[in-house]
Amino acid sequence: MIDGRAEIPETGRWVLANAAVPSVLLDAPSSVDLAVGPDGLTRCDLVINDNRVGAIEPPGTVGGDFAVIDRASRQVWPGLVDLHTHLDKGHILPRAPNPMADFAGALAAVPPDRTSRWTQTDVQRRMDFALRCAYAHGTVALRTHLDTVQDDPERSWRALAPVREAWSARIAIQPSALVPISHYSDADYARRIADMVAAYDGVLGVVAYEDPNADALLDRALTLAAVRGLAVDMHVDETIDPSVAEIDRILDAIERTGFTGPVTLGHLCSLSTRADADADRSMARIADLGVAVVSLPLCNLFLQDRVPGRSPRQRGVAPLLELADHGVAVTIASDNTRDPFYAYGDLDLIEVFRTAVRVGHLDRPIAPWPAAVARTPATAMGIDAGRIAVGAPADLILFSARRFDELIARPQSDRVVVRRGRAIDTALPDFAELDDLAGRP
Numbered sequence: 001m002i003d004g005r006a007e008i009p010e011t012g013r014w015v016l017a018n019a020a021v022p023s024v025l026l027d028a029p030s031s032v033d034l035a036v037g038p039d040g041l042t043r044c045d046l047v048i049n050d051n052r053v054g055a056i057e058p059p060g061t062v063g064g065d066f067a068v069i070d071r072a073s074r075q076v077w078p079g080l081v082d083l084h085t086h087l088d089k090g091h092i093l094p095r096a097p098n099p100m101a102d103f104a105g106a107l108a109a110v111p112p113d114r115t116s117r118w119t120q121t122d123v124q125r126r127m128d129f130a131l132r133c134a135y136a137h138g139t140v141a142l143r144t145h146l147d148t149v150q151d152d153p154e155r156s157w158r159a160l161a162p163v164r165e166a167w168s169a170r171i172a173i174q175p176s177a178l179v180p181i182s183h184y185s186d187a188d189y190a191r192r193i194a195d196m197v198a199a200y201d202g203v204l205g206v207v208a209y210e211d212p213n214a215d216a217l218l219d220r221a222l223t224l225a226a227v228r229g230l231a232v233d234m235h236v237d238e239t240i241d242p243s244v245a246e247i248d249r250i251l252d253a254i255e256r257t258g259f260t261g262p263v264t265l266g267h268l269c270s271l272s273t274r275a276d277a278d279a280d281r282s283m284a285r286i287a288d289l290g291v292a293v294v295s296l297p298l299c300n301l302f303l304q305d306r307v308p309g310r311s312p313r314q315r316g317v318a319p320l321l322e323l324a325d326h327g328v329a330v331t332i333a334s335d336n337t338r339d340p341f342y343a344y345g346d347l348d349l350i351e352v353f354r355t356a357v358r359v360g361h362l363d364r365p366i367a368p369w370p371a372a373v374a375r376t377p378a379t380a381m382g383i384d385a386g387r388i389a390v391g392a393p394a395d396l397i398l399f400s401a402r403r404f405d406e407l408i409a410r411p412q413s414d415r416v417v418v419r420r421g422r423a424i425d426t427a428l429p430d431f432a433e434l435d436d437l438a439g440r441p
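For the sequence shown, position 193 matches number 193 in our numbering, and the numbering has no gaps at all.
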C-alpha cells in the first residue's frame, strides 16, 4: 500500500482505501453493504478508473495490481458547490474602501468603481484570479451574481462570457442578474433584462428591499422568468431589523403568480431577529413552496450589527437550524470576497463551512450539514455535482482530518484536491498579481 500522503497516480486505476465519506455526500449502490458510523461518516473503498469513480466497496476489501492509497479513516469529500458569489466585485477593496465597513458604505463604494474602473480586462482578470482560488480550494461549480444596472446592464455579462467558457472544464459557472427591485418598474427595460439573462443561460435575480410597488414588481419578475423558463435568485432581508419581512411578500408573489420554477433566497438575516411565531410561519411557507435558502455567514457577520466603537450584539446569520427543521433546502455560500461588502474571503467553502458550523451551532449533530456546501446547492443550480457516486467524475477533496472536530479545528490547508482523477496544483495565486489594478506599486 502507498502511504496516505503519497501522490495521486497520474493515470489508470487506483483506490482510496478506508476513506471516511460524509454519508450525506455518498451515493453507494444499494447492493454494497456499508455502515454509517455514529459520526455520520461512512468508511469505504473508492475505486477510481481514470477520471471517474468506478466502484464503491466496503473498507479494506479492494486490492489488485494497482495503486492503493490507505486513507486510514481520513475524510474524502466530493468537489464543492458555491451557490452565492459576486465575481465581478471581487478584489476591488484596495481601490474602493469602505471606511466604516458597514452596509451603507458598501452600497456607496461600488458604483463609482464600477463606472470608472470596470473595463473588460479589469473584470476578467479579477474573475480569473477568484476562480483560481476557488479551484485550488476544491470548488467545482458556482453561481455568481452580476451587477445588472441601468447605465450598462450587460457590462459584467460581457466580461464573464469568455471567462465562463475558458473555465468550463474546471468550474461550472452560472450567472445571475443582480437587479434592484425598483428597476422592474420599467416594463420594457425589465423585459430586455430577462431576454438578456435567457440569452446568456443565466438566472433572473432581484434585490428585494422595501418598495411601495413591491408586489407588482415581484409579480413582473416572476412572470418574466416563468415565460422564459428561468430560475430566480433573490437577495432579501439583509438586515437585522425585525420589522423587515420582505420574504413574506416574495412568498405571496410566488403563490399569486403560480411560479413553479426554482427559487433561491439569499441572506434572510431578519429571520433571526423576528418573533419566533412570525419567523416560524415564514419558514413553514418557504418549505411548502420548495424554495431553497442560501446563508452567507462570513458577509453577514461582517456587516450586520456593525456600529462604530461598539461590539456587535447579534450575529445576523439566518436561523439555519430552524430552517432545516422545517424541511427547507438550506445551503451555505461565500458571498463577497475582498470588496466593500466583505473585506476578506477567498472563495474557500471549507472556511465558510467551518465558520457556519461554529457560529450557527450546526455541530449537534453535524452529520447533515456537509450537504449544504455540496449536493444541496448543486440541486438548487440544477446540476449533478456535490456527491460521490459510481460513474460520477472523480472530483474529490482529501483531508488529513478523520473526525469532524478535526476538520473544524484546522483550516485544512494541506487538503489534496483531485479533479477528474488527478491531483491538481493547489498553490494559490499571489495577491500581488492584482496590484496594478489597485493603482498601487
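For the record, the hints were derived by calculation from the structure and aren't laboratory data. Glycine residues also receive a C-beta, built at the ideal position from the N, C-alpha and C atoms. Possibly wrong hints are sitting among the right ones.
[What the hints assert, rightly or not] Listed next, with one range per pair, are the computed distances between beta-carbon atoms:
hint, residue 1, residue 2, range
1, 30, 436, 51 to 57 Å
2, 120, 261, 38 to 44 Å
3, 12, 37, 29 to 35 Å
4, 312, 426, 52 to 58 Å
5, 389, 439, 44 to 50 Å
6, 108, 411, 29 to 35 Å
7, 432, 13, 38 to 44 Å
8, 411, 290, 32 to 38 Å
9, 108, 327, 37 to 43 Å
Structure-based check of each hint:
1. 30 with 436: 51 to 57 Å: Given a distance of about 56 Å, which is inside 51 to 57 Å, the answer is holds.
2. 120 with 261: 38 to 44 Å: Because 31 Å falls outside the window, the suggested range is violated.
3. 12 with 37: 29 to 35 Å: The hint (29 to 35 Å, Cβ to Cβ) holds, given that residue 12 and residue 37 are roughly 31 Å apart.
4. 312 with 426: 52 to 58 Å: 34 Å, violated
5. 389 with 439: 44 to 50 Å: Given range 44 to 50 Å: holds, Cβ gap about 48 Å.
6. 108 with 411: 29 to 35 Å: Given a distance of about 33 Å, which is inside 29 to 35 Å, the answer is holds.
7. 432 with 13: 38 to 44 Å: 41 Å, holds
8. 411 with 290: 32 to 38 Å: 35 Å, holds
9. 108 with 327: 37 to 43 Å: Roughly 39 Å apart at Cβ, these two residues keep to the hinted range, so it holds.
The structure fails hints 2, 4 (numbered hints given earlier, in ascending order).
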